[in-house]
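Visitor: Construct the complete structure from the given sequences, taking the supplied hints into account.
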Amino acid sequence: NPHYLEQIRTMIQKLDQKGIELVLVLDGFPTYLQYESLSEQNIVENYLASWERYVKASVDQFGECVDAWQIGQEINLPFNLPDQPIAAAILASPSTYAQRLLIASEAIKNAEKGDLVIMGGITSDTGNCLNQPRAFLYSMYSLDVWDAFDVIGIDLDT
Numbered sequence: 051n052p053h054y055l056e057q058i059r060t061m062i063q064k065l066d067q068k069g070i071e072l073v074l075v076l077d078g079f080p081t082y083l084q085y086e087s088l089s090e091q092n093i094v095e096n097y098l099a100s101w102e103r104y105v106k107a108s109v110d111q112f113g114e115c116v117d118a119w120q121i122g123q124e125i126n127l128p129f130n131l132p133d134q135p136i137a138a139a140i141l142a143s144p145s146t147y148a149q150r151l152l153i154a155s156e157a158i159k160n161a162e163k164g165d166l167v168i169m170g171g172i173t174s175d176t177g178n179c180l181n182q183p184r185a186f187l188y189s190m191y192s193l194d195v196w197d198a199f200d201v202i203g204i205d206l207d208t
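Sequential numbering from 51 applies to the sequence shown in this note's numbering.
One should not assume that every hint holds.
[Claimed, not checked] Below, in silico cross-link-like pairs of lysine to any residue (SDA-like), each with a Cα-Cα straight-line distance of 20 Å or less:
no., residue 1, residue 2
1, 159, 203
2, 163, 71
3, 163, 152
4, 159, 73
5, 163, 195
6, 64, 54
7, 106, 165
The hints are simulated quantities; they were obtained by calculation from the structure and are not laboratory data.
Guide: So this is what it looks like as structure tokens:
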């Protein structure tokens, strides 16, 4: 919706003019993509191509006013795709998140080297061992993406 986008852009510009530093959370996946007939490789390729377009459009639209970019929310939890469980597992994998992080970091830093990239929204209480923050962070370490972010965001559940 172009009108809605213009309202958001105006609000962000006003906040920036007041000296308020902004963090924009880049998250989600295109719900229009149907993954059930695709191979695992094609699921990741289609998703990452769409993700790259989304990130570049966001940086182009808002980069002038945004100071920090959080890449994802609850990144160590599965995607909510109840009708496509295989795609949900693939898209929520640490390796797919690492690729998302690299794509976003490159687009953001190419536009403004001083902006912060936040590896975002690691959830503290996941309900199982596979998704615990320590395991997820170890996966990021193993995938060698430490240079793709400046800050880690943690969502603490109490």
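Visitor: Looking back at the numbered hints, which does the structure fail to meet, lowest number first?
Guide: none
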